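Colleague: Read top to bottom, the protein sequences are chains A and B.
The first sequence: position 147 = 147 (our numbering), numbered continuously.
The second sequence: position 241 = 241 (our numbering), numbered continuously.
Since the hints were derived computationally from the structure, they do not count as laboratory data.
Some clues are possibly wrong.
Stated by the list, open to error - Here are the simulated lysine-lysine pairs, DSS-like style, with alpha carbons at most 27 angstroms apart: (1) B:K38 x A:K72; (2) A:K3 x A:K203; (3) A:K134 x A:K115; (4) A:K72 x B:K48; (5) B:K27 x B:K38; (6) A:K71 x B:K38; (7) A:K45 x A:K72; (8) A:K72 x A:K55; (9) A:K78 x A:K45; (10) A:K45 x A:K71; (11) A:K45 x B:K38; (12) A:K116 x A:K184; (13) A:K116 x A:K134; (14) A:K203 x A:K184; (15) A:K55 x B:K27; (16) A:K55 x B:K38; (17) A:K184 x A:K45; (18) A:K71 x B:K48; (19) B:K248 x B:K38; (20) A:K78 x A:K123; (21) B:K27 x B:K256; (22) A:K184 x A:K123; (23) B:K48 x A:K78; (24) A:K199 x A:K3; (25) B:K48 x A:K79; (26) A:K199 x A:K184; (27) A:K199 x A:K229; (28) B:K248 x A:K45; (29) A:K134 x A:K123; (30) A:K3 x A:K45.
What the hints assert, rightly or not - Here's a subset of chain A near chain B, in silico, CB distances under 7 angstroms, partners left out: (31) Y74; (32) K78; (33) F80.
Computed from a predicted model, the values in this text were never measured in an experiment.
Each residue gets a CB set at the ideal place from its N, CA and C atoms; glycine is no exception.
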Amino acid sequence: MIKLIEVHKIFGSNQVLRGVNLHIHRGESMVVIGQSGCGKSVLLKHVIGLLRPDKGQVFIDGQDLLSCSEKKLYEIRKKFGMLFQGAALFDSMTVGGNVGFGLREHTLFSQEEIKKRVQEKLKILGLSGIEGLKPNEISGGMKKRVGLARAIAMEPEILLYDEPTTGLDPIMADVINDLIVRLKGTFQVTSLTITHDMKSAYKIADRIAMLYDGRIIEIGTPDEIQKTKNLIVQQFITGSARGPITEREEMNGIKNEIVG
Amino acid sequence: MVWIEEEKFYAKGYNPGMRRILSEIGKRFSHFIEETGKLSIILIQAIKGIFQPPLRLQENLRQMEEVGANSLPVTIITGAFTGMVLALQSFVAFKRFNAESLVGTVVALSITRELGPVLTGLVVGARAGSSMAAELGTMRVTEQIDALSTLAVNPIEYLISPRLLAGFIMLPLLTILADMVGIIGGWFVSVCILGANSVVYIRRTFDLLEYQDIYSGLVKAAVFGFIISGVGCYEGFYAEGGAEGVGKATTGAVVKAYILIIISNYILTALFF
Numbered sequence: 001m002i003k004l005i006e007v008h009k010i011f012g013s014n015q016v017l018r019g020v021n022l023h024i025h026r027g028e029s030m031v032v033i034g035q036s037g038c039g040k041s042v043l044l045k046h047v048i049g050l051l052r053p054d055k056g057q058v059f060i061d062g063q064d065l066l067s068c069s070e071k072k073l074y075e076i077r078k079k080f081g082m083l084f085q086g087a088a089l090f091d092s093m094t095v096g097g098n099v100g101f102g103l104r105e106h107t108l109f110s111q112e113e114i115k116k117r118v119q120e121k122l123k124i125l126g127l128s129g130i131e132g133l134k135p136n137e138i139s140g141g142m143k144k145r146v147g148l149a150r151a152i153a154m155e156p157e158i159l160l161y162d163e164p165t166t167g168l169d170p171i172m173a174d175v176i177n178d179l180i181v182r183l184k185g186t187f188q189v190t191s192l193t194i195t196h197d198m199k200s201a202y203k204i205a206d207r208i209a210m211l212y213d214g215r216i217i218e219i220g221t222p223d224e225i226q227k228t229k230n231l232i233v234q235q236f237i238t239g240s241a242r243g244p245i246t247e248r249e250e251m252n253g254i255k256n257e258i259v260g
Numbered sequence: 001m002v003w004i005e006e007e008k009f010y011a012k013g014y015n016p017g018m019r020r021i022l023s024e025i026g027k028r029f030s031h032f033i034e035e036t037g038k039l040s041i042i043l044i045q046a047i048k049g050i051f052q053p054p055l056r057l058q059e060n061l062r063q064m065e066e067v068g069a070n071s072l073p074v075t076i077i078t079g080a081f082t083g084m085v086l087a088l089q090s091f092v093a094f095k096r097f098n099a100e101s102l103v104g105t106v107v108a109l110s111i112t113r114e115l116g117p118v119l120t121g122l123v124v125g126a127r128a129g130s131s132m133a134a135e136l137g138t139m140r141v142t143e144q145i146d147a148l149s150t151l152a153v154n155p156i157e158y159l160i161s162p163r164l165l166a167g168f169i170m171l172p173l174l175t176i177l178a179d180m181v182g183i184i185g186g187w188f189v190s191v192c193i194l195g196a197n198s199v200v201y202i203r204r205t206f207d208l209l210e211y212q213d214i215y216s217g218l219v220k221a222a223v224f225g226f227i228i229s230g231v232g233c234y235e236g237f238y239a240e241g242g243a244e245g246v247g248k249a250t251t252g253a254v255v256k257a258y259i260l261i262i263i264s265n266y267i268l269t270a271l272f273f
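Just chain B, with the same shape it has in the complex (with noise of 0.2 angstroms):
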């Protein structure tokens, strides 16, 4: 049946192929559209949730326990060695043109502008974005989510709301720890290893760093927990298909986590400048 209609078209000039082409892209396309409209309806949905009776207190903690505090190792051993890294490097980069005294500058501009929140989204995001898919998808297939539905709690504000909050503030707590602990690796390998003078260090750290600097890098990591919790809970809540579904959705949540910071990252940027 099927083969008698292509070869009608085949007749007529067309190519079956290209037809086939064009319709899987009219799939993807009608997909994504769908995927998106999906999306804005949960976190609508969730960001209302957010301020709406009932507040969930404990649940709310709970998850800020989960994304922030328990992000704080990870956060602080990244953030340090990013630091120290930093100003070894733009030591043996400066030194070329006696410019050693702008390392203090350079780690305290390129912490807080950039690698600080950046860094902590990205790892945050590995860590909690995809625990939150792998839980939530994990609740969809074996119909928790249904069950909270039956309980009559509506389960987008019972375990989204909480997550989305969590992710927009805590980002940006960790991005000023990771901030810190930055600025004190980079003093600690020009001063402790490369023997610069700790007093210039410090006062060239702070000289040129503006409140601009700090703030619009936690702008940025409010961003990036946003975008974490809401693709991390997004995958989770309609993941399907069992176990291979929530490995799915863990995968997909942390990639499409990733790509998203990368992008609004750049765009956040030219926004600030």
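Only chain A is shown next, with the shape it has when bound in the complex (with noise of 0.2 angstroms):
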């Protein structure tokens, strides 16, 4: 469904991602995690077309997003949706707007059919009653919640997530990840999340791929993930301060005091 062979980005001086391999079969829930900054939001926004790769491809259904021309990649678009880190609500339209804006944009509903289709989508991630309300109006686990019912208001067949549990409380963290799993079950979607919350990961992922160093260092299901024998993987996931990553993070400073 999902397919990305050899895809590079550089910021400037920085390499981002140095040949990411990954490939995401349908109906599969794949996490992504990695450390704060190691180009996994650069990885998901390659998968939708917001960036493009220096080198590589990217595979949706078998259609190359780089080479198919503006137009398709809109229409291709439309097969996802997509949770961003901050929900990203339009602010300037109510939350019924927010949710309805893609049934407005691409479809010939009625505004009684689109305001049913909002009013349905919202009682899903149980938010019945608040489309007149402005996403200023409420709380930071509720627009993550609104993220999602825009997301899924098309019903759209792959599903992305940029961090949703990064800035919420544990209880409503483990309540987005019921409605993951439950969106996953409802409407068979195909997903990619991305992470550094490994609660989250293990329980939202049918396999966890890890990213270091702009590429995939290990791929497999939650279990075998949790049994790895990589000691880069195992400090990520048991979250210690001690070990290859953060070593490697100060020979690169000592290298850095050196040099420069």
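Fit chain to chain and form the complex, with the hints in mind.
Modeller: Structure representation (structure tokens):
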């Protein structure tokens, strides 16, 4: 369904992705874990064509995102729903306007029909009756859920989650995890989640991949990841301050001092 | 490492300071070329977006309200007081050679040809241009523009096209209004305060005023409207770096629009001669 082949991306002198290979099957929930700033968000933006790789290819359903026309790219994007880290709700519109945005833009449904569908989606996420509020009038957890409602409004085949639990209290984080699992069950979507919240990763993933140093260094089921022999992955999933990741960072710091 | 290289250049007679200056100039120049390219791409796509379906009537009207209707008070005040002060100043000057009767002509010509469009452009530039940059900039840094793309809506067509159209249409309309209140303001000062004869003043106002004067002013206004929206949207659309970036984009939008308006005003005036 989603296939990334040798994706490279450089920002200025910073090589963010150095050859990412990732294959996500239809109906699968893939979670990419990694440290903050390791390029997870960049990876996600490549999948939906917000960023173009400097080298490599991205295929969605066999369609190459790089070689297709702009019009085709927007066509492909209709298969996607994306939940942003900060929800990215349009603050000029009401909650209802946000959730119904895709329907108003891409379908010929009547106002009534759109309203019905918006209410339906909000109800799935436990948010009935807030259509008339503006995004700045609701809490962070509600914003995330409204963002999720907007992402699923067009009933997409693929859902992308950008750190879905970051910035939420533990209970709300688990509510979101539950919703993600439930959406997978109800709509049979393929999903790609990036997170550094291991609890969330174990709960929602069919497979977990770890992004480190611009490459996928390990990929496997949550069980396999937990039993990994890779010391880097071990350090990350146990969340310890000592290990190969931090040692390498220290070495880089010393190297920079000598060179600089 | 670096200083060894410079030492080598220095020994050959190169000046390391010069090298740095040249590389800085080169960097600025390539940056300028890049910006110009990005601006052209955005503008071309936005203009295309105006004519391509979906036409988004509601969004267009909303922007016209924002640029046009909401700029009415400030435009009226600017127009009226400019006409008034112009009458006062030219009355004082013309009195010295007994040509007070020409005040009406001077006011009408200066307002329609020059001050109406330019002042309206500057005032609306400060008001609407800055708000476009701030709004789009905030949308950029909070990922709302990316969100539009992921919802399969082209953000340039959705956000920039209606604003460009609004600037292009509303600026001439606001200028017509500024022209009118300016001329009325001039009449008010001359007749009611300085005691000029109303009939003579009005005749002098319209005797020498030609269609060409008004029309050249309106063409200018349309160009200024295009500049204001184009620059404001561009600055906001490519804002980066959080609140600070949005602030920079807003300032940049106003300053660049001002400079472009002032320069293009001269060029357009020269063309219309």
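Colleague: Hint by hint, note whether the structure agrees.
Modeller: Verification of the hints:
1. B:K38 x A:K72: holds, 22 angstroms
2. A:K3 x A:K203: holds, 23 angstroms
3. A:K134 x A:K115: holds, 16 angstroms
4. A:K72 x B:K48: Given pair K72 of chain A, K48 of chain B holds - Cα atoms ~17 angstroms apart, limit 27 angstroms.
5. B:K27 x B:K38: This hinted pair holds, its Cα atoms lying about 16 angstroms apart.
6. A:K71 x B:K38: It holds: about 19 angstroms lies between the C-alpha atoms, which stays within 27 angstroms.
7. A:K45 x A:K72: Roughly 17 angstroms separates the two Cα atoms, so the pair holds.
8. A:K72 x A:K55: Roughly 21 angstroms separates the two Cα atoms, so the pair holds.
9. A:K78 x A:K45: Roughly 15 angstroms separates the two Cα atoms, so the pair holds.
10. A:K45 x A:K71: Distance ~18 angstroms between K45 of chain A and K71 of chain A Cα, so the pair holds.
11. A:K45 x B:K38: holds, 20 angstroms
12. A:K116 x A:K184: The given pair, whose Cα atoms are some 22 angstroms apart, holds under the 27 angstroms limit.
13. A:K116 x A:K134: holds, 19 angstroms
14. A:K203 x A:K184: holds, 12 angstroms
15. A:K55 x B:K27: Holds. K55 of chain A to K27 of chain B sits at ~25 angstroms (cutoff 27 angstroms).
16. A:K55 x B:K38: holds, 22 angstroms
17. A:K184 x A:K45: At roughly 21 angstroms apart (the allowed maximum being 27 angstroms), K45 of chain A and K184 of chain A satisfy the hint.
18. A:K71 x B:K48: holds, 14 angstroms
19. B:K248 x B:K38: It holds: about 18 angstroms lies between the C-alpha atoms, which stays within 27 angstroms.
20. A:K78 x A:K123: At roughly 23 angstroms apart (the allowed maximum being 27 angstroms), K123 of chain A and K78 of chain A satisfy the hint.
21. B:K27 x B:K256: holds, 20 angstroms
22. A:K184 x A:K123: Roughly 17 angstroms between the alpha carbons, so the hint for K184 of chain A and K123 of chain A holds.
23. B:K48 x A:K78: Distance of about 22 angstroms is within 27 angstroms: holds.
24. A:K199 x A:K3: Given that 27 angstroms is the threshold and the Cα spacing comes to 26 angstroms, the pair holds.
25. B:K48 x A:K79: holds, 25 angstroms
26. A:K199 x A:K184: holds, 18 angstroms
27. A:K199 x A:K229: The hint holds at about 20 angstroms.
28. B:K248 x A:K45: Distance ~26 angstroms between K248 of chain B and K45 of chain A Cα, so the pair holds.
29. A:K134 x A:K123: holds, 17 angstroms
30. A:K3 x A:K45: Between K3 of chain A and K45 of chain A the Cα gap is close to 14 angstroms, so the pair holds against 27 angstroms.
31. Y74: holds, 5 angstroms
32. K78: Cβ of K78 of chain A sits 5 angstroms from chain B, so the hint holds.
33. F80: holds, 6 angstroms
Figure legend: structure checked against the earlier numbered hints; every hint is met.
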